[in-house]
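**Q** Here is how the chains run, residue by residue.
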Amino acid sequence: MPADFNWAIGGEAGDGIDSTGKIFAQALSRAGRHVFTSKDFASRIRGGYTAYKVRTSVDDVQSVVDRLDVLIALTQRTIDENLDELHDGSVIIYDGERSTMADVEIPEGMIGLDVPLKRLAEEAGGAIMRNVVALGAACEVTDFPIENLDSALQKRFGNKGQQLVENNKEAARSGQDYVAEEYDHEFDYDLDTTDNDYVLLNGDQAIGMGAIAAGCRFYAGYPITPATDVMEYLTGRIEQYGGHVVQAEDELSAINIALGAARAGARSMTATSGPGIDLMAETFGLVATSETPLVICDVMRSGPSTGMPTKQEQGDLNMTLYGGHGEIPRFVLAPTSVDECFWKTVEAFNLAEKYNTPVYLVSDLAMAVTEQTFPPEAFDMDAVEIERGRVVDDDTIGEWQNEKGQFKPHALTEDGVSPRAFPGTAGGAHMSTGLEHDELGRRTEDTDMRIEQVDKRTRKVETAKEREDWSPREFGNPESDQLIISWGSNEGALIEAIDLLEDDDIDVRFLSVPYIFPRPDLSEEINSADEVVVVECNQTGQFADVLEHDALRRVKRINKYDGVRFKADELADEIRAALAEEEVTA
Amino acid sequence: MSSQVRFTDFKSDKQPTWCPGCGDFGTMNGMMKALANTGNDPDNTFVVAGIGCSGKIGTYMHSYALHGVHGRALPVGTGVKMANPDLEVMVAGGDGDGYSIGAGHFVHAVRRNLDMTYVVMDNRIYGLTKGQASPTSREDFETSTTPEGPKQPPVNPLALALASGGSFIAQSFSSDAMRHAEIVQEAIEHDGFGFVNVFSPCVTFNDVDTYDYFRDNLVDLAEEDHDPTDEDAAKQKILDSSKEYQGVIYRNDDAVSYDQQFGLDTNMSEIPDGAPEDAMDLVREFY
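Chains A and B are the protein sequences, given in the same order. At position 322 of the first sequence (counting the first as 1) the number is 322 in the numbering used here, and the numbers step up by one without a gap. At position 220 of the second sequence (counting the first as 1) the number is 220 in the numbering used here, and the numbers step up by one without a gap.
Some hints here could point you the wrong way.
[What the hints assert, rightly or not] Just some of the chain A residues that point at chain B, by a computed CB distance under 8 Å:
{"#": "1", "residue": "R30"}
{"#": "2", "residue": "D197"}
{"#": "3", "residue": "A248"}
{"#": "4", "residue": "I257"}
{"#": "5", "residue": "I386"}
{"#": "6", "residue": "G434"}
[Stated by the list, open to error] Straight-line Cα separation of at most 27 Å, DSSO-like style, residue types lysine-lysine; simulated pairs:
{"#": "7", "chain 1": "B", "residue 1": "K243", "chain 2": "B", "residue 2": "K151"}
{"#": "8", "chain 1": "B", "residue 1": "K14", "chain 2": "A", "residue 2": "K408"}
{"#": "9", "chain 1": "A", "residue 1": "K160", "chain 2": "A", "residue 2": "K118"}
{"#": "10", "chain 1": "A", "residue 1": "K22", "chain 2": "A", "residue 2": "K160"}
{"#": "11", "chain 1": "B", "residue 1": "K130", "chain 2": "B", "residue 2": "K14"}
{"#": "12", "chain 1": "A", "residue 1": "K408", "chain 2": "A", "residue 2": "K354"}
{"#": "13", "chain 1": "A", "residue 1": "K465", "chain 2": "A", "residue 2": "K354"}
{"#": "14", "chain 1": "A", "residue 1": "K567", "chain 2": "A", "residue 2": "K22"}
{"#": "15", "chain 1": "A", "residue 1": "K404", "chain 2": "B", "residue 2": "K11"}
{"#": "16", "chain 1": "A", "residue 1": "K39", "chain 2": "A", "residue 2": "K22"}
{"#": "17", "chain 1": "A", "residue 1": "K408", "chain 2": "B", "residue 2": "K11"}
{"#": "18", "chain 1": "B", "residue 1": "K14", "chain 2": "A", "residue 2": "K404"}
The set of hints was computed from the structure by calculation and includes no laboratory data. Note that beta-carbon positions come from the ideal geometry of N, C-alpha and C, so glycine has one too.
In isolation and in its complexed conformation, chain A is listed as follows (with noise of 0.2 Å):
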């Protein structure tokens, strides 16, 4: 039996296969073991098809793999679309009384399970818990404690009632004795707990928790996939700590208010995906031309225009990187893992205020949809820490005035950054604006002060750059001359890549970049290296290409970009390959 087992549930959108997914994800995570959830849409047929994927082991994962132990499957379609991940072995639950899945094809080799879901969830209370029938059918398949199942359900439908909840239990039984009863079969798969505590969350729900842990008090949003997840974890959370979240009419709106209320001082945030970004664009000048601190979150999809909404690419780090019209001072902040998503989230507030910018915050598809567990204490709450930055108040205003009592908010400043003064401050009535503007505010053509305040803006970056750690998170040997480099979600495949590969006695050092802008200086490990290879989720390669910029020297690339994310395994193979390759040339 393979260490790590993976289980998935596949139907018609409608089916319900999000919850039944997610309520067996929890059962195990509370049993102590470690999960990693994916979202499958397949894109070979159009249609309705959908499936919730779950790796599990009692170790870490980070990634999922092309193997698929057992497959709840609601349609035949479901078994047809996973018959690549499917192997001798390989235990298919379905239901043979329904017409659609009388005459259910299941491959030589594998364990087809028929039991009456719907049946035995009508015997319990309603058809509409099959999927849980089926759930503890999969527990007795793998021997997996189904009290686990049970408090689960009772999360998942406790509000909506004890006798429910008791259904749901009595429904997951059912299930877990009708294959007890009918099938005298020994099956290879053997779930065992442990008594660690963990929780389970993905990248958007992560980013809103770092939010209101860093004092974000205030979200304007236009729904947009991946990105709702964090204004749905915000609405309701945030209010009881005095915040709000606002649904703007538009994303040229959400902006626009969030900008707002950063002027009024509350630490304030935007999130979207790449069609958002676009729309947002002319204000994002505006908020760092004003140099008004802004957490813009953009959870990237497939592009261009609306590509494909529900698939991965890493495809808009040229635009957050560059969009914009004039030269924008920024930074750009990519995290590489769901519970990174938490601290860079802080980060980028606390980057926001001390340097009056804009910070883009760059999260993925696969992050926002990837359930995974984690320690609680992944998530210390004590080692927040929140940094305001240069805020004037009543009584040190005066030494950001002018001889004529005027306060300064662009003021011209050695490390570049400018006080500011939240409205309601005596004396700090100020104006800004996204005209070039003089110390006060105000618009100006003077050559001298526009040369002055572009370089201000720039010179901020540049402090950041001396005062902040912009350091990789490295992995594997850090001796090899053999460096893979990486930015985004890639990161927990990767790991796992690496350990495949160390099997084969091929040893490699990976550098995980959170930072785009500014990015680490790479170019002593870059050139120091035999080979380099780049691993992003797009076609052109577009870190790979700022990489050679920095370090002037050519990187392989490995580029996937049909949408899904990289599989650990994959990748290995894909990383064996472009090693073995011929060095590129200039």
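Assemble chain B onto chain A, guided by the hints.
**A** What follows is chain B alone, placed relative to chain A:
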């Protein structure tokens, strides 16, 4: 707040670059008077403006202010007000800024009914880009981009506001200084979104909607026994294209504002030094 504030305290030391005779001078003076009369001072006032001649207002006034991008002044004001409801928020725009590029935001700001004030300097032309048709230009108004007129009916901002659920809809004339200041003051005092469309003539590019035209055609509702709380009467005035009205046309004191609806009463600039005390509860939710 101080009762000692004079309207000149809202004036900056920057000389306006509006054309001599521009209606915007009077519009702005009325806004400053209204702010002072309602007991505000520059340190608790936030003025937002968009692009165009109207957008320059933040430079000439003294208060907390943001001069933003074209058409998006209302969303900025919305964010300011939501994040700090203690502030007096006034948004200024032009007819292009408010009814063309910003028309979508106008509808939603009106229906959100936040307790803020929106003053539109309506000169029925694009001035700063040197005389093109605006959304309130007359159907036959000849301009550089519409040599035979726009051939479309003008937007009726008052009707748009009423249809969007407006709770305070007024119109004034920048040259009638007393009435204009009074009307803006009423808009500020209104507990909800106070909208004032101001006839603010462009002396350089609009030779139709002139001071003389408004003086000759303006009907003051205060002299007409108009009851602004009577919705039907308001509708009738708003849809009457034969006259130009000045005054408070519609007022609904019972409309519940967004701030009340959502209990927005916190100054969100104040936050603790670290994560909230009970923040680990947020983590435990994911057990």
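**Q** Hint by hint, note whether the structure agrees.
**A** Structure-based check of all given hints:
no.: 1; hint: R30; result: holds, 7 Å
no.: 2; hint: D197; result: holds, 7 Å
no.: 3; hint: A248; result: holds, 7 Å
no.: 4; hint: I257; result: holds, 4 Å
no.: 5; hint: I386; result: holds, 6 Å
no.: 6; hint: G434; result: holds, 6 Å
no.: 7; hint: B:K243 x B:K151; result: holds, 20 Å
no.: 8; hint: B:K14 x A:K408; result: holds, 15 Å
no.: 9; hint: A:K160 x A:K118; result: holds, 22 Å
no.: 10; hint: A:K22 x A:K160; result: holds, 17 Å
no.: 11; hint: B:K130 x B:K14; result: holds, 23 Å
no.: 12; hint: A:K408 x A:K354; result: holds, 17 Å
no.: 13; hint: A:K465 x A:K354; result: holds, 13 Å
no.: 14; hint: A:K567 x A:K22; result: holds, 21 Å
no.: 15; hint: A:K404 x B:K11; result: holds, 14 Å
no.: 16; hint: A:K39 x A:K22; result: holds, 11 Å
no.: 17; hint: A:K408 x B:K11; result: holds, 17 Å
no.: 18; hint: B:K14 x A:K404; result: holds, 13 Å
Checked against the numbered hints given earlier, the structure satisfies every one of them.
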